[in-house]
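Chains as they are written, first to last, in the numbering used here: chain A, 1 to 403; chain B, 1 to 403.
Please note: incorrect hints may appear among the correct ones.
A pair counts as met if it fits within one copy or between any two copies, since identical chains are not told apart.
Taking lysine-lysine pairs in the DSS-like style, the calculated list, with each CA pair at most 30 Å apart, reads [as the list claims (entries may be wrong)]:
{"id": "1", "residue 1": "Lys235", "residue 2": "Lys113"}
{"id": "2", "residue 1": "Lys320", "residue 2": "Lys113"}
{"id": "3", "residue 1": "Lys88", "residue 2": "Lys24"}
{"id": "4", "residue 1": "Lys379", "residue 2": "Lys5"}
{"id": "5", "residue 1": "Lys20", "residue 2": "Lys379"}
{"id": "6", "residue 1": "Lys114", "residue 2": "Lys26"}
{"id": "7", "residue 1": "Lys42", "residue 2": "Lys386"}
{"id": "8", "residue 1": "Lys5", "residue 2": "Lys113"}
Everything labelled a hint here was simulated from the structure, so no lab data went into it.
There are 2 protein chains.
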Amino acid sequence: MANIKMGLFGLGTVGEGIVKALSKAKNANAEIKRICVLDVNKSRGVEVDKNILTDNRNDILNDKEINLIVEVINDAEASYEIVTEALKRGIPVVSGSKTMIARHLPELIELQKKHDTALLYDASSCGSIPVIRNLEEYYDNDLLLEVKGILNGSSNYILSRVFDHGQSYEDALQTAVDLGFAESDPSFDIDGYDALYKLIIITVHALGSYVAPEDIFTYGISHISDFDIRFAQEKRVKIKLVAQVVKINQEQFTMFVMPEFVNKSKYIYSVDDEYNGVVIRGECYDRQFMFGKGAGSLPTASSILSDVVSRHHGYRYEYKKMGYSDCPSYTTDVLLKVYVRYTDTDIPRVLPFENITESYQSENVNYVVGEISLSNLIKEREILMKPDVFVINIPRFFAELDN
Amino acid sequence: MANIKMGLFGLGTVGEGIVKALSKAKNANAEIKRICVLDVNKSRGVEVDKNILTDNRNDILNDKEINLIVEVINDAEASYEIVTEALKRGIPVVSGSKTMIARHLPELIELQKKHDTALLYDASSCGSIPVIRNLEEYYDNDLLLEVKGILNGSSNYILSRVFDHGQSYEDALQTAVDLGFAESDPSFDIDGYDALYKLIIITVHALGSYVAPEDIFTYGISHISDFDIRFAQEKRVKIKLVAQVVKINQEQFTMFVMPEFVNKSKYIYSVDDEYNGVVIRGECYDRQFMFGKGAGSLPTASSILSDVVSRHHGYRYEYKKMGYSDCPSYTTDVLLKVYVRYTDTDIPRVLPFENITESYQSENVNYVVGEISLSNLIKEREILMKPDVFVINIPRFFAELDN
């Protein structure tokens, strides 16, 4: 096994973390030969030899000595170009770009097979928690029933400030931005897309099925109001942004990202602040809970480093479950029980509920609790996105499956 | 990759679980060809073809069609004979026998190398929690600093009954035996040996070092008294039986199994009942927490099944960390802060404390709190084992390292 000579794309927060982590990992047998950045003259938070910096991606792609590409840039389009080009040249890649991977995974799997090379991306889902690796390698049988968790640290940090520290949503959001837990445009996190992309990647390794982002119900926390928060607190539950993929029977599974009322008995209730937590449920092992830092410079870098060292030992994802004889298929034909809070929009009239079990009206605010199919939630997304409306999942139909 | 044809040794609780789990795992590509049991006529909790039962181990060892041996028997001596014999014949083995593995691991590693075959044993440590696999594959770099956890479900169940349900220790022990969480002779669990053997295996995969059982301080919970329990409750902490291996600097690590005062801020505080929980701490990723069922028929069987399926894909432990250039070495030359409760034995006089920071005497019971070296705890084990004495670790010197 030759030493790893890396070409690194990106020297932002994660890229700098990789440089630091690598300096501590003396037995990694890996060195960074070249780093491609947008601006070679920008000052950096780590010491790097200026001579290895370049702004020309071909300086890495054409370097025959480089036997592994590590890609941690923020631009999903550029990431796609670099990763596909590297795979086509047979160069293995470790990537942390969840958006790019979630959007293009079927093609990326094909490229790995066609060019007999590897793409590893454990860092793309839940940072330092080895979710992908465990789903791929350890839960590599068909006993798996459900993966459910807090996959986005920024939105969880905000909700923690609200529920554990009594901050208003607006203040909590500002704190998150100030502390760097959320981007200055935090919509990617708080609207659920970060969690969605992670969930898509997780589902490929959990159940062997790829579902495209546009086919999945994704609903974030930006419409939450003080009324919703008080409603939850009175019932002694928290509101959390939960991503889940669940086998509903032997042939079918469903998946979605949305706020959920979480009670104290659930493992994810205690996943606070910027942490991530994932519950893996299976037929024989019941529930496994994995908890850790889901983002940040060094935690993400350590996950990248695990993939780098594994490549040194020839590791690749086999995507075994995609070849299973009885891969379950995706359905949105399931009933969810939801709470919908509204003011102006006439929710009971415009949303196609199967039934309504609770209904509350007042001068300022109204809500209903009722059953509605996931497919109708997707269909009526425009209504749900109106600024006076907020939807929260009430786990019930999955009661016997629930964490 | 040919299908797996298994020879199974043992059809007790775990063996029956394997038969059940395998019937659910349609894509495992594995079948049980022969089962070796002590009594072929005994009635079983699962349906098995009587014709595949045998009481002659050579019916499995000599069967050229059998390409994997799964060994889940209770007798450590017989387990050693079977596993070493199989490895010498080049037959890969999946084993759940922690006692045998912990005692003989260096020889078992040599045998795997010499005969170019594999021994997998994730089930031996924490049942369904993939601790070994993650330490071996994912935390496969030198960033790891500590593994600490609740590794024994029986003793944890007893302590949970005491701390969360107000039962006396004696009642809780009886409940555990009645429910099958502890053996009718529960000393293996409550004296810390079960946790010790798991810790030894974990340490090989965490830090690349093997330490023999007799060199490790192991102290269980059987001497706990109502006074100790009240003492902990007044300080709002729980007493838990904790196993830990900790790097104390770049060159050295220490390890031990003993009761510990655990406060609410620690992850393992919430590991209750028969569950196991492990905290993995590293330089870049901070703390990872893995939680799940550490024992029981189906959880253990699902772990065995994960190893079986991995063998189908050619997986083996590489024991990479044993070859690292700067493997840390084991030391007991560390100071611990401990609470020692006693009545008749004159603990302050007979135990070589470095210093004593608290001391309490009364008519019925006395205790001291002080610093003592781990090597002296090992040396004075006979004193600590007197029936009127009980020792509890107070995490302090590892304060900055602590979970």
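Structure-based check of each hint:
1. Lys235 x Lys113: neither (51 Å within a copy, 59 Å between copies)
2. Lys320 x Lys113: both (13 Å within a copy, 28 Å between copies)
3. Lys88 x Lys24: neither (32 Å within a copy, 39 Å between copies)
4. Lys379 x Lys5: For Lys379 and Lys5, the Cα distance exceeds 30 Å both inside one copy (49 Å) and across copies (50 Å).
5. Lys20 x Lys379: Neither: 47 Å inside a copy, 42 Å across copies.
6. Lys114 x Lys26: between (34 Å within a copy, 28 Å between copies)
7. Lys42 x Lys386: neither (42 Å within a copy, 67 Å between copies)
8. Lys5 x Lys113: both (23 Å within a copy, 29 Å between copies)
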